[in-house]
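Enquirer: Okay, here's what each chain looks like letter by letter:
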Amino acid sequence: MYFTATSRHYVDRLFDPDPQKVLQGVIDMKNAVIGNNKQKANLIVLGAVPRLLYLLQQSSSSLELRTECAVVLGSLAMGTENNIKSLVDCHIIPALLQGLLCPDLIFIEACLRCLRTVFISPVTPVQLLYTDSTVIPHLMSLLSRSQRTQEYITQIFSHCCKTPEHQTVLFNHGAIQNIAPLLISPSYKVRMQALKCFSVLAYENTQVSMTLVNVLVDGELLSQVFVRMMQRDQPIEMQLTAAKCLTYMCRAGAIRTDDSCIVLKTLPCLVRMCSKEHLLEERVEGAETLAYLMEPDVELQRIASTTDHLVSMLADYFKYPSSVSAITDIKRLDHDLKHAHELRQAAFKLYASLGSNDEDIRKKITETENMMDRIVSGLSESSIKVRLAAVRCLHSLSRSVQQLRTSFHDHAVWKPLMKLLQNAPDEVLVMASSTLCNLLLEFSPSKEPILESGVIELLCSLTQSDSPALRVNGIWALMNMAFQADQKVKVEIVRCLGTEQLFRLLSDPDTNVLMKTLGLLRNLLSTRPHIDQIMSSHGKQIMQAVTLILEAEHSIEVKEQTLCILANIADGNTAKELIMTNDDMLQKIKYYMGHSNVKLQLAATFCISNLIWNEEDGSQERQDKLREMGFVDILHKLTQASDPNLSDRAKTAMQQYLA
Amino acid sequence: ARLASRGSGLLLTSHFTKSRVVAMSGQSSGCGFLMSVVVHGDSALNEQEKELNQRLRRLYPAVNENETPLPRSWSPKDKFSYIGLSQNNLRVHYKGHGKTPKDAASVRATHPIPAACGVYYFEVKIISKGRDGYMGIGLSAQGVNMNRLPGWDKHSYGYHGDDGHSFCSSGTGQPYGPTFTTGDVIGCCVNLINNTCFYTKNGHSLGKKLQNQRQILYMLNLLIYLDTPGEVVDANFGQHPFVYDIEDYMREWRTKIQAQIDRFPIGEREGEWQSMIQKMVASYLVHHSYCATAEAFAKSTDQAVHEELASIKNRQKIQKLVLSGRMGEAIETTQQLYPNLLERNPDLLFMLKVRQFIEMVNGTDSEVRCLGGRSPKSQDSYPGSPRPFSSPSHKASSSQSYLTGTGSDTSWFDSNCCNGVTSNKNHSSSPHSHKPCPPGSGSTLPVSDISLNGSRSQQPITSNDMDMEVDHFTNGVTESSSNGFLNGSSKHTTEPDDCDADMEVESAQSKRQLCGGSQAAIERMIHFGRELQSMSEHLRRECGKNSANKKMLKDAFSLLAYSDPWNSPVGYQLDAIQREPVCSTLNSAILETHNLPKQPPLAQAVGQAAQCLAIMARTGSGSCAFASVDDYLH
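Protein chains in written order, with the numbering used here: chain A, 1 to 659; chain B, 1001 to 1634.
Just so you know, these hints were derived from the structure itself, not from any lab.
Fair warning: there could be bad hints in the mix.
List time: in silico DMTMM-like cross-link candidates among lysine to aspartate or glutamate, alpha-carbon distance up to 25 Å [claimed, not checked]:
#, chain 1, residue 1, chain 2, residue 2
1, B, Lys1125, A, Asp258
2, A, Lys189, B, Glu1049
3, A, Lys364, B, Asp1262
4, A, Lys276, B, Glu1332
Some chain B residues judged to face chain A by a derived CB distance under 8 Å, without partners named [to be verified]:
#, residue
5, Arg1058
6, Ala1062
7, Gly1203
8, Asp1262
In this text, a Cβ means the ideal position worked out from N, Cα and C, and glycines have one as well.
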């Protein structure tokens, strides 16, 4: 093959005994590979890389030769991903990092340029930057050498900072102090890369963010520098990245959400990024960042919802690929297709964030053209990112009572939701089951059809998940389902869940799971016939569980919930006896009536009040027994309680004795 | 570097207009808003007005307020009777019944929005929403019914507070934004570039209005309407900082427009554009006779020069003579080198001669210098090579007034003669105009500095004293068509006691002396003046009346009416900078005889661009706001 023949010639010249000829060979090779991917691949196949690395590392090589080697390697790295893989396999990274120790600036710059190209490739393992602990401090020290070193090093940092550990390493080596001055560099590229560094450093990092707010650059606060970078005459990339920095600092708690640099600068800037006039990538990033910024703050959500018609602007995100692009331009169609998923998921995320608190905004969103249809079809899209975002959006909207009653039912969103729950990764399951919880609320018209679709089994299986979030959602949904439910449903829940699983959940390490399980029990044990029926079959275990919880270390809320269950049991006809015959339990109730917490006193009093209720069989004997145990005295004392609810409850109980 | 001084030439003229306004407001009061600012008002109001003027200038630098004033308050005339105004016409309150839609009332601002704003913005603060909060702000054309809600009628657009709907020339609104109420700040932004508008609430943009607004928006005025009792609204036309960051929005549009200009397609074929630019530069160099530079440039860019090098050198020689004030030699050389030129152009010759007369008074012309007068170095030495004086605007203003005269100036002279106040207005400002002179013209500075000081301290007294005398004096000229004037002046020099008024030369007053102080030179000057007078009469007989020539002569002769011509109201003529238009006119005339353009294409392009922007402003193309020619002349 012709190519290989000439390529072979280039490689052969690298082995010439005359160093001058070797140098000329490298220079010729440099000129031959520029912009020629085929040539690059050939040279790599023919083994040029190890030889170049050898020449680069040899201290006997002239500086000129070593520099030219680094340039050629940088050129080879500019090719395909396969090239990068081959270079990394030849251990190019340690060799180049070693080269940085040389005092010559030109050589350092050539090494850095090559390293930059290698590290920004997605195929290079980021970890390689951190294996040698002396590398980062050395790179920091090289930042002062020239604009080029600044550009390449900051670019390497911004691509290789992917985990909290990376953030900490860079932070500990003075990344902030070293990079901050670069934000006012005369070179746009340096400013831009420095800014990117700060965005990756500050992301979900309180320590970095808290430090950043106090940094001064040329006497100006960093946040003000970022605000200036968001000015509308700056390049979009810079505006967007500066907005990201401020967003991350705000979310990490370093800047208040009502600070004018957030409300009047960052938020409007991000809304602008969502507009049609920007590139699809920018619109995706803008929407995602905005969603993240305002997620926890209802005021920001309200402002964003009225800014620049954001809600209807987002509807455009669903119009790709447009019918026009399909006809006119294949290239554009390809581009649109590539970004269509990203656009949709970004829009769903932003809608989810917008609607997470305010009822009016939710209404506005559901009234947007075809919104519910879009969510429904989003739930069954092939892209998992879109499915997840769609279900997040649905979840956010499902917090609205009105929407649950109307649009959710009209569009039968439960159907795709149920389908989604059948076989999905955990993160989707968490959102979907959480949404299902809301759909199972007693006023939701979707509750009936969902019940009929065999949801109980599915939810029961969720309670056995390893993920606490899934267990909570599963048991929570069951709790909602059991609220004021038919006997049939309750029996089905108990049967399907099984008492064993129920008790396992009662000792779950996650308090949320425990609380919802208690809530389920309480809902199951409501209305007298249900109480008696369930207690007759599972009374022993339930009483055991109640005893265990009351004896263990638990929060007030858990104990209160448990006492409420006891009060429900006390309301049953036959179930009462399970308490009356259990002196230990009665002593516990007595203890809680004298507890310092009013809520627990109230719940315990409720329980006693149910036990001594007049109109029921055997009430006299129960009253007598409890009087003997000293409950009357306590009740009497409680009628004097400062809490009006408690004293009322105690008075009502006392009346049972008087009647 | 050449283009740099061109830019400062523009600056000079703009300063000229500014100082004129100040002078006006000091002298008289009555017309124009700027003046009332300076003359009336307490200090707090003054401060606010100052801030307002500063902000408006910063926001709308392209607006020429003499042509299209900016809105500064609500109009007390252009409103419905139910509207009450207070606080300098910035606060609006409703005083009608507010029971039916017929009770709606609106008010418009004092002026429509000038297109040269590019982007216009104002805000209102809702002080009280009154009974029902039926309020709206918006835009309407002049003359739309003020008894209606904004947006209901044709050419009217509005955003209503009670329902947040926007109305666009129709009675049914579309959902637009949130509602607004007491305490909210609502803004309205008009973009005259893409003809859209959007509103803001508490500093947040509510988004572009969706409807098509391709109307003649530049006719629109701001509007506010109120409908129920108790409603009070304060306006901010720039008196205070805006809540919404409008300057940031304008920055974006400035960048957009400039990017559009930068990206404008320039010629399809490769190199076409470059060679055109090179031609323009070369022709500019040749025009101004920068021989060596032109030659070098032509060589390195590989193009032909369309004029013989000798011819360029000749023109350079003549220009040098004119610019150093040696007019006699300049005329002679011209006649030698271009034999028929001046004969065919009697007006040009006349202009040169008048200049020669002025230079004689100055003591710089060769004819008087050789007569033994002191050689006034400071007058004589003009910077080595000619300055690129003929920046288009400079040329337009100065050479125009020199050659043809503006209509008003001439008629004023005829009817009023030398009224002190007006002549003051016209001329006394010229020393000021020298202040920001670029370093390039440094040698003229000593002169202007002196005259500046002089005019400051003496001006009020001198001009008042002179009023009568000048009147008298020039009357003489107009009545006795022959040599009444010259008699007067000769009396003044030869027999000082005999003079009509006490016009004698106070020797101690000035270091500079008439014609360099030589008696012989003065006599030569007088003689030359007579020749000039007869030449003027001859010209009039031959070619008919020429008011420009008449004024030129009158101004020149007026120099003799003052004891210290340099510090007189007409003293500006003695300044070396006045040689520039003469030089430029002569140069153009020479070039024309060689069938070369009388103005270099570069200057013409710059002038055309400036004109184009002015026309855009008049026809409502808002993008002119962000395309100042100055921005491109670094």
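Enquirer: Next step is simple, just say for each hint if it's right about the structure.
Expert: Verification of the hints:
In summary, the hint linking lysine 1125(B) to aspartate 258(A) is supported, as the alpha carbons are separated by about 21 Å, within the 25 Å threshold. A threshold of 25 Å between alpha carbons decides the hint, and for lysine 189(A) with glutamate 1049(B) the separation of about 44 Å lies outside it, so the pair is violated. With a CA separation close to 42 Å, the supplied pair lysine 364(A) and aspartate 1262(B) exceeds the 25 Å bound. With a C-alpha separation of about 71 Å, the suggested pairing of lysine 276(A) with glutamate 1332(B) is violated against the 25 Å cut-off.
The criterion of a C-beta within 8 Å of any C-beta in chain A is not met by arginine 1058(B), whose closest approach is roughly 16 Å, and the hint is violated. Taking 8 Å as the C-beta cut-off, the interface hint given for alanine 1062(B) is violated, the closest approach to chain A being about 17 Å. For glycine 1203(B), the suggested interface contact is upheld, since its CB lies about 5 Å from the closest CB of chain A, less than 8 Å. Because the closest C-beta pair between aspartate 1262(B) and chain A is about 14 Å apart, greater than 8 Å, the hint is violated.
Hint check: violations occur at hints 2, 3, 4, 5, 6, 8; the rest are consistent with the structure.
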